[in-house]
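A.B. asks: Under this note's numbering, the final residue of the sequence shown carries the number 387; numbering is consecutive throughout.
Hints were generated in silico from the structure; no laboratory data involved.
One or more hints might be untrue.
[Unchecked claim] DEER-style ranges, computed between Cβ atoms: (1) N320 with G167: 46 to 52 Å; (2) L154 with V57: 38 to 44 Å; (3) L160 with P319: 40 to 46 Å; (4) A9 with P319: 20 to 26 Å; (5) A125 with R68: 22 to 28 Å; (6) G167 with W97: 18 to 24 Å; (7) I5 with M174: 15 to 21 Å; (8) N320 with L291: 43 to 49 Å; (9) A127 with A178: 24 to 30 Å; (10) F286 with V57: 38 to 44 Å; (11) T260 with F170: 35 to 41 Å.
Note that the Cβ used here is the ideal one computed from N, Cα and C, for glycine as well.
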Amino acid sequence: MTPAIRVGATGFGLIAVCYGFARFAFGLFLPQMRADLEFSSTLAGVISGGAFAAYCVAIIISARLSERFGPRAVAVCAAAIAAAGLFGIALCSSSAWLAFFVVLAGTSTGLASPPMADAVSHAVAPARRDLTNTVINAGTSAGVGLSGPFALALGDDWRLVFMIFAGTAFALGMAAFAALPAAKTGGARTRSQGLPRLHPNLARLIAAAFLMGTASTALWSFGGEIAQARLDWSTGRIGMLWIAIGTAGIVGASAGWLTTRLGINTVHRIFLVALTASIAITGLSFTTPRLTLIGGALFGAAYVMLTGVYLVWGTKTLPNRPGTGLMVGFLTIAVGQTAGAPLFGLLMSQISLQTAVFVFAGLGLAPGFFLFRPAADSKIACRKRFG
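Please construct the entire structure, taking both the sequences and the accompanying hints into account.
C.D. replies: Listed below in structure tokens is the structure:
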């Protein structure tokens, strides 16, 4: 088995568990959780935002720990925390405990991504790195897509589903221990270099990722609520929406290939339009079951493709620190989601669902004003070379 396949397959599975199960399955099972534990949509937004906030803290810590201790230790830690959070969700007896364990599970996602970028940089040939990174990133879609059949098969028994998710996370932790490189350079620990200096390419990445992350919470955090409100769908039928999101999201594995051929900015703008369309046709009052599933598929393809774009954007901007380059983009996506989830919940409860959908669909187009400029990389390289 080649290093690209070994690291890529392990990373794909780890990201599927941490993102698809530990982070985004909450939105799928939210209607039934609210019915069982009796809490409001505003609190649901706060809980979801709290998970994204935990992600923000964790991804900064993870990037530094991965540089210092190597990818294996951090990836195994991510899987262990995901297992603990998912197990806690399955057993929680109140909305307060649910909030705690959703936030704990959300922490695992922040820990998981930087060590995978570092593992790819260490073990995979340069010509295959963008493709391997974006294939790993598409694991989110697999996790989301797999959670849908669980909802269809087990219906309202969300506690059993989360127990199964916890066991899967434990298994991926063992796989990561066996497959990933232990340290960055010959097993030796390296000194963390801290946060990178802000320059124009990173500034534009931060702005674009923040706005995209904010818009995405319309479906990640409230997709189940929207489908229930518009179509009177149960948790089982909402599972079909998650299957559509996850299945279509697999196209995001081609982000590295597409950005090489069409350019980062072209791919970025095409899929921002797709993101906006997905929020509108899923959430506005004219939607139908067919349109909702089409919207879910568009959303899955757009979200995973856009995160792949930001991954490539960050790693090209900081080629000597790929885990940190990934961290910058993914951190600001999560900061946007931290702000977006409570805002969507507030707009939905205080004004209307229609207003919330209009606002967030509009936000989906805004990142297109920010461009990746390859010339910025050249200037940075020149400064490094000539001092």
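A.B. asks: Any hints from earlier that this structure breaks? Give me their numbers in increasing order, please.
C.D. replies: 1, 2
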